[in-house]
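**Q** Going by the numbering used here, 111 is the number at position 70 of the sequence shown; the sequence numbering is gapless.
Hints are supplied without guarantee of correctness; some may be wrong.
Straight-line alpha carbon distances no greater than 25 Å define the calculated DMTMM-like cross-link-like pairs of lysine to aspartate or glutamate that follow [stated by the list, open to error]: (1) 203 x 67; (2) 44 x 110; (3) 158 x 202.
It should be emphasised that the hints constitute simulated quantities derived from the structure, not laboratory data.
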Amino acid sequence: MSKQKEIIISGVGGQGMILCGTMIAEAAAIHDRKRATLSSEYGVETRGTFAKSDVIVSDEEIFFPDVTEPDLIICLAQVAYERYSGKCGDTLIVYNEAEITPDPQRSAWERGVNITKLAKELGHPAVANIITMGIVVGLLEVVTIEGAEDAIRRFFGKKGEKMVALNCKAFEAGYEIGKSFR
42 MSKQKEIIIS
52 GVGGQGMILC
62 GTMIAEAAAI
72 HDRKRATLSS
82 EYGVETRGTF
92 AKSDVIVSDE
102 EIFFPDVTEP
112 DLIICLAQVA
122 YERYSGKCGD
132 TLIVYNEAEI
142 TPDPQRSAWE
152 RGVNITKLAK
162 ELGHPAVANI
172 ITMGIVVGLL
182 EVVTIEGAED
192 AIRRFFGKKG
202 EKMVALNCKA
212 FEAGYEIGKS
222 FR
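Whole structure, please, built from the sequences with the hints as guidance.
**A** Here it is, written out as structure tokens:
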């Protein structure tokens, strides 16, 4: 990785964006020995208000912890999409088709994925955030697959092997989608 990669993962509280950002940053710093920062923003309510994670991953020192020039923006809810669509130049936005009505004029810089449907097909709607993690890693290659799976095992290991397997499967599905966007 020649320069730092800046990622915004956004939606509403309860969708797991902060966990997604945390796992990417941990995989980068702990497993892959890179530099990483994570900053989060969320409303005082736990669920339903705008929330986001800003993640920066670099091989070199990071001098400012907030995303200023995103390489990728993920939007899982309409409120997040409206905050970023058309306002970040030609940054790629990946949005959840199940939750967002896109602006057709922005289609050159946006890609829709039905993350909600895919999560349900994999076995549980709560894995949408891990699919999102896979999309980020597949597209930007900010961490290794092994690093991401290590973070998944560390977080979900106490919940049992079935939970680890489900989340690894969700990551792999997202990873393949992200790779297809390169």
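**Q** Each hint: holds or not?
**A** Each hint tested on the structure:
1. 203 x 67: holds (22 Å)
2. 44 x 110: holds (12 Å)
3. 158 x 202: Holds, at roughly 23 Å.
In terms of the numbered hints stated before, the structure departs from none.
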